[in-house]
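Student: Each chain is listed here by its residues.
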Amino acid sequence: MKRQRNRLDVGARIDRSRRLRFHFNGKPYEGFAGDTLASALLANGVRVVARSFKYHRPRGIYSAGMEEPNALVQLGGGASSEPNLRATQVELFDGLEAASVNCWPSVNFDIWAFNDRVSGLLPAGFYYKTFMWPKSFWHSYEKVIRKGAGLGTAPEMPDHNIYEKRHQHCDVLVVGGGPAGISAALAAGRSGARVILADEQAELGGALLGNGERIEAASGVDWAMGARAELDGMDEVRVLSRTTAFGYYDHNYVLMVERVNDHLGAPPGTLRQRLWKIRARQVVLATGSIERPMVFADNDRPGVMLAGAARTYINRFGVKPGNRAVLYGNNDHIHQVALDLADAGVRVEAVVDVRAKAVGEAVAAVRERGIEVMAGHAVGGALGKKRLRGVEVLALNEKGDGFAGDIRRLRCDLLCLSGGWTPTVHLFSQSGGKLDYSENQACFLPGEARQAVSVAGAANGVFALKGCLGEGAAAGRSAAGKLGFREVGAPEALPVAQGEAGALMPVWRLPPVSKGERRFVDLHGDVTVSDIELAAREGYSANEHLKRYTSTGMGPDQGRTGNMHALGILADIRGESIPAVGTTTFRPPYTPVPYGVMAGRDVGVLADPVRMTAMHGWHERSGAVFDDVGQWKRPWYFPRTGEGMAAAVRRECIAARSGVAILDASTLGKIDIQGPDAAKFLNRVYTNSWNKLAVGRCRYGLMLGEDGMVMDDGVTSRLAENHYFMTTTSGGAARVMAWLEDWLQCEWPELKVYLTSVTEQWATLSISGPNARRLLSELAEGVDLEADAFPHMVVRSGKVAGIEARISRVSFTGELGYEVSVATSYGLALWQAFQRVGENYDLTPIGTEALHVLRAEKGYIAVGHDTDGSVTPGDLGMDWIVSKKKDFIGRRSLARADTMRTDRKHFVGLLPETRVPEGAQIVAEYKRRPPMKMIGHVTSCYDSAALGRPIALALIAGGRERIGETVTIPLTLQGRVVKAEITSPVFYDPKGERLNG
Amino acid sequence: MLRIECPHCGARDEAEFSCGGEAHIARPKEPDKLSDAEWADYLYMRTNPKGILAERWCHTFGCRRWFNIERDTVSHEILRVYAMGEPRRESGT
Amino acid sequence: MVDPSLRQSPLATLHLGGREGQPAPEASVHLAERRSVGKINLRADPGDGVLMNAFESVLGYPLPLDPNRTSGDGKRGALRLGPDEWLVTVPGGQENALFGALGTAATAAGGKHVALSDVSDARTILTLAGPRARDVLQKGCGLDLHPRAFQTGHCAGTLLARAAILLHQTGDAPAYDIHVAWSFAAYLWVWLEDAGAEYGVAVGEVE
Amino acid sequence: MKKNKRYSIFSLARNARNYHENWAAAWRSPEPKPSYDAIIVGGGGHGLATAYYLAKQHGITNVALIEKGPIGLGNTGRNTTVIRSNYLWDESAAIYELSLKLYEGLSQELNYNIMLSQRGLVSLAHSQHDLREIERRVNAIRLNGIDSEMLSMAELKQLIPILNLSPNSRYPVIGASIQRRGGTARHDAIAWGYARAADDRGVDILQHTEVTGFRIQGGRVEGVETTRGFIAAPKVGVAVAGHSSVLADMAGFRLPISSHPLQAMVSEPLKPIFNTVLMSAAVHVYLSQSDRGELVMGAGIDKFNSYAQRGSPPILEDILAATVELFPIFSRVKMMRQWGGIVDVCPDASPIVGKTPVSGLYLNCGWGTGGFKSIPGSGFVFAHTIAQDEPHEIAAPFSLERFSTGALIDEHGASGVAH
Ligand SMILES: Cc1cc2nc3c(=O)[nH]c(=O)nc-3n(C[C@H](O)[C@H](O)[C@H](O)COP(=O)(O)OP(=O)(O)OC[C@H]3O[C@@H](n4cnc5c(N)ncnc54)[C@H](O)[C@@H]3O)c2cc1C
Ligand SMILES: NC(=O)c1ccc[n+]([C@@H]2O[C@H](COP(=O)([O-])OP(=O)(O)OC[C@H]3O[C@@H](n4cnc5c(N)ncnc54)[C@H](O)[C@@H]3O)[C@@H](O)[C@H]2O)c1
Ligand SMILES: Cc1cc2nc3c(=O)[nH]c(=O)nc-3n(C[C@H](O)[C@H](O)[C@H](O)COP(=O)(O)O)c2cc1C
Ligand SMILES: [Zn+2]
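Protein chains in written order, with the working numbering: chain A, 1 to 997; chain B, 1 to 93; chain C, 1 to 207; chain D, 1 to 419.
The hints are simulated quantities; they were obtained by calculation from the structure and are not laboratory data.
Mixed in with the good hints there might be a few duds.
Stated by the list, open to error - Subject to a maximum C-alpha distance of 27 Å in a straight line, what follows is the list of computed DSS-like cross-link-like pairs (lysine-lysine):
{"hint": "1", "chain 1": "D", "residue 1": "271", "chain 2": "A", "residue 2": "933"}
{"hint": "2", "chain 1": "D", "residue 1": "271", "chain 2": "A", "residue 2": "143"}
{"hint": "3", "chain 1": "C", "residue 1": "75", "chain 2": "A", "residue 2": "692"}
Stated by the list, open to error - Here are a few chain B residues that sit away from chain A, every Cβ distance over 10 Å (derived from the structure):
{"hint": "4", "residue": "27"}
{"hint": "5", "residue": "47"}
{"hint": "6", "residue": "51"}
{"hint": "7", "residue": "70"}
To be verified - Some, not all, of what chain D presents toward chain A, calculated at C-beta under 7 Å:
{"hint": "8", "residue": "9"}
{"hint": "9", "residue": "314"}
{"hint": "10", "residue": "324"}
All residues carry an ideal CB built from backbone N, CA and C; glycine is no exception.
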């Protein structure tokens, strides 16, 4: 294993006693606890860590945080493989494995780098201009293009970690744990408010962790650690480290992801990440700022780095990011960093400052050290390929917008850039807040807020530490204060030394030093200044067009380091101000979020509740095959050993027609309707009349949408003077209940009716067949089952198998039938009692499939099966159930031109030669080749045991007038054609005699 | 996720509610007297403003009660919560 | 009286048998099903004082008139579900008697528009208690359960994970009753055990 | 030097030599004329295609296309780009198939590569009910002469090996259909390609010009008020999607439309892993992988009205849970960006294309969650309708009158999500 040759001997926040081994691109390395993958790679002198998206240019580490545009890696393998992580954010752990993405065969030798050679052919939007001929070739071109695009690879195995979610309310949410955020949390916390402080880094401190600033007599880091201890001691404060607030939604709803154990390698089976769903009464955003680079030719070479990052590598990670450095920028920061570099033993070649008059404390200190300050100069280009070898420096003209004088070459392997700061306004902007442009600071600042949010510190354009501390505390105090929390004995402001700073001079674009040079604006997407100029030339000069045409800011880094330059350059080209050009939209997530954590535990068995009836256990033990009806599992059929579906269903049907069958009907929706106006209410929601239903009687009802289309059906019984009991279809239960409440509360509040859903209170079984009465009589007590005493469509109470039951004589099979309902917890006992006595009757459990065959033989509709929301009662031939004497929901719609057409699709029976799939289409005139005119479709089709042939139900245009005609069912999928005769939909027992047993 | 103030239960997450669309659409008293077009107006035509909309919500997973709110369809700000049956505010307010 | 031994729990399909009541020293949440509770859904006009008094005399406590509040104790009590809706609970087996008494009282008080529905089996009650109970619930419930916002005696209809529930805080431990529809109970139990796993879950004896 | 307009590999190579400095603007930025023969409001795909076909098919070239912002940034610029024509009802099949056919030659016709990628569109069934509906649709589509097939489980496995086909999944996949000609196209290219071609034929594309009112005299439209003044025209076609009700309000009528957020998202770019387009109506998710490598996914609408181009996060949680359930290997893939559009939803999930109560004013809207795929076809028939003042026969069923007559074209039930 190689020595960490760029590691400093002392200082920084790494633990040199804890060595961690890791592999990068298959090679072993060593780092220390506290390292990120990026700092460890730099410590080991690894320069090329990635290839760019389009031209596959070699790239190194550019930043020290989430803004990293280059160093994307694939982490782990197998079930822990994760694509596209920023090496600058990956905390090192022992055994970590990482590899560069988007290169082949290796990051150092990448075949695709050929793209860089022909980059002249690949300007922004080149694909819109070519690959059009020959027409059929695009598909092949596309394959190649797709291979070249993309970054990391999707894992090959399912994830072996788990994720969870959590809701949390708080008074004040503080996002960002730098000096501003810490101060805010302290102030709010001391007032007794419920506070959450979240920061995406491993430790609190923010910029203090890397910039060596001091507060009072202590280092900034010590101050942060002290604050952390105080916060941890407050009952109502929760500090969440490694937690990124990534989305700011309506009504102060903020989503955050906490990386629970990624830094420990997230062992299999453990909780890896947690989604926090925060509802905050007040939010303080102290999200800091991101340093901007400078733009010049070949500014993407490994060794070019943001100045603050270089500083962080030294102060926080004890890594010397290079041996010989040049600094280049437009503000004081480069001078401060020059001092840190020099202190760390880096040879500082020169500080190149575009400002003609570089003054201020830091500049003076640099000069004092004997470091050359090249004021009024700019870097024209970088030298080297896989590593930086030097830079070319030119003097600027007086206005600072062009070059004057000769190129001077400086040798270096590190170039630190600072083009100013971009406040991290992402979350503020997501919250709906407006941005204002600050000419002074050349950046957008939070303006008018739309939600209960304030912004403090660098995120608010306050870049000096003293201001950050003060503004943070004020924001925390004010947020808590708005909620009535008062800080007692607010401490004095902390003393911070603050030097004189020179003003920043924005420079977005300088003329090219030579034609065809590439100055990268968006490093990730390989977008250059020329690309932006081309886009503008071609008319894509709206910022939103520019973004999409060039793909600026569309990579995983979302243009953190490039967007402001793109904007500045575009404004320059258009000759307009930056605010006139405007930003593109900030969208969640702030940084990419794994699907897994958004899914949480809502996968596998917890993906969606499985609803089971009281009898479910029995069905399962009896080998039922289930079908999903909404969330319910319903027995579809009950095969016996060795029996296929067809045979099982046939057997079940025969049992119902000749003996007795039992069905679990518990899933039917059930609604208690009570009140003096109940009948009036039913009259309005059903098509038929409910005026004359006697107590103890049941009636079938059909419900329409206000558009006149059949919506649901079911049997309703009158249990008492003012008490009705409605049943609905299983799938429609919730919808009907909601629908009825809606009408009652919103349209007819004058009706005295109460609705209570009792679907789950009752377990219901239904028995049908000639032996149904005899079977029931063995179990029923206190109910006279004789036909005369208990006729069809009557409901009675009594005991069945010793259990209080409600028995109704109804039938969906056309046979003599009863529904027996008991309190759900007795459902299984009831069912088992039937099984026990049923042995003598060959009682056969049947599933939904047999039920469908049986009801289809009788021509009974199944709503949602034979109807699809476009069918009226008239279409179904059910005018008999539509009252002419009263208004009801949907009635007026039946009198519209289209619903009165006589050639609408009618519900009819079909006798097909062979069984056809449901959904098969019907034609009157068959043609050998499509297209042909369809006149309807098969809604239900079964092999009928009772009829000894296949039967079907269908919706056919003018069908009732066509009874007796033969139509054709072309089954193009199976390559056959079936003829069928149109009939009445009632195939079996048309007189309904069997109902009476 | 919107935070909606149920008049009965207090502020709850949007997930507990169902949205019923535009409020104050009264069912015509005598549908038969309406032309097809007038009926279609009741059935389908909606004011769909960019700005303040009076709409109905039901606290489905709470108290199951319907109520009205005024909400800005651009900012999503909820300006007013009021009972079912209470009239809409005069326009311009 | 129907033989209560014929009753079955909605959790039967989970085959918890044997795990109930096992000692779990590490556990900081306690999960159980409280099966034997009679429940009556009551709808009436809270503004009808005569009616309210009549109910109070039957129940021995007043129906709560504040939203999201309960009255009575854990065994016999009423939860306010909505402006004109309550859930009245009694020890299992007494629901028929109470149902009758409430009905009679309503009639006697001249209550023309009152609805009573026996919903004892429509929902079951899962009880969740212990120092981390709140943390378990917050994994799937958007209510603010902080003691400043939700306390013993409060109730709320809400969502827990993908199930509709009625949540009732019954003690400061904290302890909660979670009323959940019969057919969602098994799902919710599995969800709760899963969510509680990190805190250790003791599976309680069935009451 | 003469600017380059024609696109080809040769012109690209030629231009590379002078650093691409000679490319002409794809479309001009003209000053508005006081009057035009026709005005199209809305610079989304539908408006731009309409302007193009007005010029190309009907020789009406004195046309202004008026767009309040930059073109193509409404739903056209933010949709998941699923293209298919496998619709249930004959009326729908006709218009979507016309569209797909036009799409198939569009790169060449517009001389702009729209990157049509006919990689096949798979619809999943998770229950017997789903299966029945899918079969119904496939049968109908085939008899309409449009390609569509059922896939066996084995074929499905071969086509999408990473799909979770375990019977123990909460929503096990029990069947699927495919339209092989279905796929995706580059959304921006549709807008820009049509704009460039329309401009080439003389259409004035007026960006950053917002229509603020209509001038209507005696029931006839005379022109539009805009933020850049009044512009006269005897014919005005409106294709503003989510803003249709706002424009209708200006013209004094209401529409059966409500505007809802529809959300979408992309993952970070990945190497090719998924080579079809997949939709599952039951679990409400659809996804594809773009040429850049992102997984592009969308969901169902948020249920409340909104003009905010953003929705609520539970929708995202749901689609991502569904996605992980269907593709367990995507659990560690990351969502990179999510956004929303404003979709114009009709009660029957079908569009409105035709005349309005104001003569000379025509309307194209209600495409809701599914109108990207219809851009060429809809533009074609809408241009005809405007030019002839008579609905094109394919557009006729999609009239506004159908809400009075009741002849709705209900694409909800059978199509599930209408993407
Ligand atoms: C997230 C999402 C996913 C989708 N996925 C798919 C899919 O996979 N497949 C599919 O086929 N469809 C999909 N759609 C639907 C599809 O995007 C739309 O139906 C289609 O783009 C509509 O195009 P358009 O031209 O009518 O509208 P838009 O593209 O929205 O254009 C309307 C234009 O009108 C302009 N405008 C508005 N008001 C005015 C005014 N007063 N003056 C001037 N101009 C005005 C707007 O600025 C806008 O540019 C999706 C939509 C969304 C939001
Ligand atoms: N020299 C200069 O010109 C200059 C310029 C800018 C800033 N600074 C220094 O930077 C500091 C600014 O202090 P501050 O507190 O405003 O910012 P900060 O940068 O110190 O802290 C911001 C913190 O917010 C976190 N963060 C950002 N977005 C987040 C999100 N979405 N979720 C979770 N965490 C998030 C970051 O990880 C960081 O820790 C001061 O020390 C100041 O001196 C100096
Ligand atoms: C098909 C498609 C692919 C997209 N791919 C990306 C992408 O790779 N990177 C990205 O940042 N955004 C991508 N977007 C999203 C856009 O950046 C943008 O968010 C979206 O068009 C909505 O616009 P708005 O966010 O400006 O409102 C994509 C959008 C679409 C429609
Ligand atoms: Zn409520």
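Student: Are the hints correct? Go through all of them and say.
Tutor: Taking the hints in turn, this is what the structure says about them:
| no. | hint | result |
| --- | --- | --- |
| 1 | D/271 with A/933 | 45 Å, violated |
| 2 | D/271 with A/143 | 11 Å, holds |
| 3 | C/75 with A/692 | 43 Å, violated |
| 4 | 27 | 5 Å, violated |
| 5 | 47 | 17 Å, holds |
| 6 | 51 | 15 Å, holds |
| 7 | 70 | 15 Å, holds |
| 8 | 9 | 5 Å, holds |
| 9 | 314 | 9 Å, violated |
| 10 | 324 | 4 Å, holds |
When held up to the earlier numbered hints, the structure conflicts with 1, 3, 4 and 9 and fits the remainder.
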